[in-house]
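Chain by chain, the residues run as shown.
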Amino acid sequence: MEVFINKTDSETTVRFVGRLDTPASADVFKALDPVINDASGTIILDCKEMSYISSSGLRIFLTLRKAASAKGGRIIVKDICNDIRQVFMMTGFLNLFEIQ
Amino acid sequence: MAHKRLLDPHCEMILQEFRDNLPLFKETRAFLDKRLKEVLGEAGLILAALESRVKTEDSLAGKLELKGNKYKSLKDITDIIGLRIITFYTDDIAKVSTAVEKLFEIDWENSVDKRKLHEIDSFGYLSIHYICSIPDFPYRVEIQIRTVLQHAWANMNHDTGYKSGVEVPKRYLRNLNRLAGMLELVDEQFSIIRTELTDYRRRVHALVASGNLSDVPLDGDTFRSYMELEPFDALNKRIAAVNQAEIHEVSLLPYLPVFKRLGCKTLGDVDKIIKEYSDAAYQFASFQLGLTDLDIMSSSIGPQDICIAFILKNGGGRVGLKVMLDILNGESENNEMMAEVIEEQASSLPFMNK
Chain S
1 MEVFINKTDS ETTVRFVGRL DTPASADVFK ALDPVINDAS GTIILDCKEM SYISSSGLRI
61 FLTLRKAASA KGGRIIVKDI CNDIRQVFMM TGFLNLFEIQ
Chain U
1001 MAHKRLLDPH CEMILQEFRD NLPLFKETRA FLDKRLKEVL GEAGLILAAL ESRVKTEDSL
1061 AGKLELKGNK YKSLKDITDI IGLRIITFYT DDIAKVSTAV EKLFEIDWEN SVDKRKLHEI
1121 DSFGYLSIHY ICSIPDFPYR VEIQIRTVLQ HAWANMNHDT GYKSGVEVPK RYLRNLNRLA
1181 GMLELVDEQF SIIRTELTDY RRRVHALVAS GNLSDVPLDG DTFRSYMELE PFDALNKRIA
1241 AVNQAEIHEV SLLPYLPVFK RLGCKTLGDV DKIIKEYSDA AYQFASFQLG LTDLDIMSSS
1301 IGPQDICIAF ILKNGGGRVG LKVMLDILNG ESENNEMMAE VIEEQASSLP FMNK
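In the order they appear, the protein sequences are chains S and U.
Sequential numbering from 1 applies to the first sequence in our numbering.
Sequential numbering from 1001 applies to the second sequence in our numbering.
Bear in mind the hints are in silico, worked out from the structure with no lab data behind them.
Any given hint might turn out to be false.
Said to hold, decoys possible - Below, simulated DMTMM-like cross-link-like pairs (lysine to aspartate or glutamate); rule was C-alpha separation at most 25 Å, straight line:
# : chain 1 : residue 1 : chain 2 : residue 2
1 : S       : Lys78     : U       : Glu1249
2 : U       : Lys1063   : U       : Asp1091
3 : S       : Lys66     : U       : Glu1109
4 : U       : Lys1260   : S       : Glu98
The structure displayed is predicted, hence computed values, not measured ones.
The following block holds chain U by itself, in its conformation from the complex (with noise of 0.2 Å):
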């Protein structure tokens, strides 16, 4: 709660010039807040957050009572507007700085990078502070980038009261200390591995491309990348020829649990599967459609008669179509009776006959 600041004269002219000013605060946090949304946004970074504040009237006030001597005017406090930005990986630290650094003039002399401040055997906090200025406007600004985990580390070492004057124990600030050496190497972990993924997956998307399937694992990921090649396009567009149907472009990544199902280990697996059983699927959706008008389906349904023809073929029966139903749809009594008429309809075809 507020309390009554017993501030002298010239603190109470810089509150006065504070107040005077604060529409012209509100309105420049805002835009500084989109600006920056913007900016980084069209960097491609993905941000944790970002937040901004204006400096609360009893938050400066607080501030003037403890050092109000040490300011001029209002234009020497550089935190009366203040963005936050939390990045989720360290890496994209540097790259937020760059972009901050192009926007705004950067007054050196009173911005702090705590990375640079710690010595070899000292932890915790891990910051940068940038101090602004802004075209047109006559005050400065305070930008903070942070990850996630030092802003967490911030938080719980601010809610230890540190800053509150009270002395405290130094077990529990080692112990603060050693957290934030562990969130600093957790940090250091996640950049690692989120390189690591990036890797192996430009060089997924190189062996998709170069076409050495059978040397590509079956996962989320290369499944994914080799979906961005259409396997199923050809056999799509000629089952909608039967009646010249609208295709409906949804995600097949729900046919990546099925195809594993199906034995499926590589890529090269799933593209042979492909090209073998594509005929039979088109004679079993040409059977089922040619009989209607229906004009408009999804892109899934050349995976799903490719798995049904596999299935079938390969003596799986009605309970492999079932199993097949149930990865797709979630487990029903209505899977089976699907799963009962699907392999009746093919019973006929030529390819269950071959």
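Bound-form chain S, shown alone (with noise of 0.2 Å):
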């Protein structure tokens, strides 16, 4: 998995690239911590070529979330595609973030 990071005024970009593991998630944490630590703002987690992703990546989304609603920030969850949805839904995490 790849993380791309990209950060304007405005909104911080969260680029995922193939499939978010258990495996992955150590590092993928590990990259998104200054985005964790500076939650305030808006913040896009752009999924559109995340292919997977297991319960460890669902926890890295939560402490996303944890993150931005202590710290008055907005997550969007973006092009998700159909399995992830399901993921999402068969969780109760579908209706815990905005996703567009």
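Bring the two chains, given one by one in their own frames, into a single complex with the hints.
Encoded structure:
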């Protein structure tokens, strides 16, 4: 999995490419450290090129949600594929995020 | 802009004492500001604002220029440090006053409760001004307590320039006083509404606790009280056991409009749906999760799957499911696709064929 972070004045976009599975999670979590520490603005999680998400990946999303909620930020999950949308639904995560 | 004041030597001496002690005033102001916020916070009081300031040199010089002979020393000026506590409700003024009286020694002779000064036919500035002594601090401080509306009125009244020495035409003063009377009524109504709401919540809480759910109308307050009973807890734990999953607790209030849409009028209706559809919701959840190794879920899984089971069992179909998803997630074409998938998955489950 590759993670690309692009920060502008108004928002931070995190682009995930590949599978957010358990082996990838530790590195992804590390890469997202600056985003988690500065979660006061709008954070867009661009999932257009994410093909899979595991429980570890969902935990990373939850950490981002908690950080944004504590700092008055906003998380937008963008372009998730149908399989990941189903994972969100079957775990009760669907209405935890603003999904576009 | 500050302008050069013509002060006599006595007033200059007072002004110099102020300059010499300015660091002490600033330090004391910060301490009092922090201490009051702590004490009032501990008392559970939610304030609109707590403001504090040290009088500016220019403002003090102006005061001395106008009435310097009245003061023997700087200690006679009681508002060098001023704090203003602004409450939302008139009821809270008494609570704040009690806290301030406990915290500081009040110079009652110089303190004013302007609420008590008004005659039955007069309206205007209502506020408490305490002159307080602080241990180990040789000067006194002023603490004002007022509501947001009193504060607004006082500021507007101040803006008319009544203190500037320019006489304000009577018709404006009369209008300001009419406004003061109206704001006093509004302040009183806010307090009454708060008391009534608190009372309503207490009664609802008692009804929920006693289990008389059919008597409790479904609204934001009652649903929140009902959630304290954790009505989805058993189902969530049952679903979590499928994959030994961790449950992440979230607010379930977004489900209030969904239950209303399903026709629930009372908490009894919601309770009945939970009891009748928990097994079906479990079947659906375990069908979905059983083939995965997902070991985290949110506590909204229970209400979500109960609503899905209710909609499908009552002929709502994918249209009903889409409405539910639209309410929860905002309208989207993707909800239609999700509704189709849910309907298809559930169609083969035992609860749909009973």
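Hint check results:
no. : hint                  : in the structure
1   : S:Lys78 x U:Glu1249   : holds (24 Å)
2   : U:Lys1063 x U:Asp1091 : violated (34 Å)
3   : S:Lys66 x U:Glu1109   : violated (53 Å)
4   : U:Lys1260 x S:Glu98   : holds (22 Å)
Checked against the numbered hints above, the structure breaks hints 2 and 3 and satisfies the rest.
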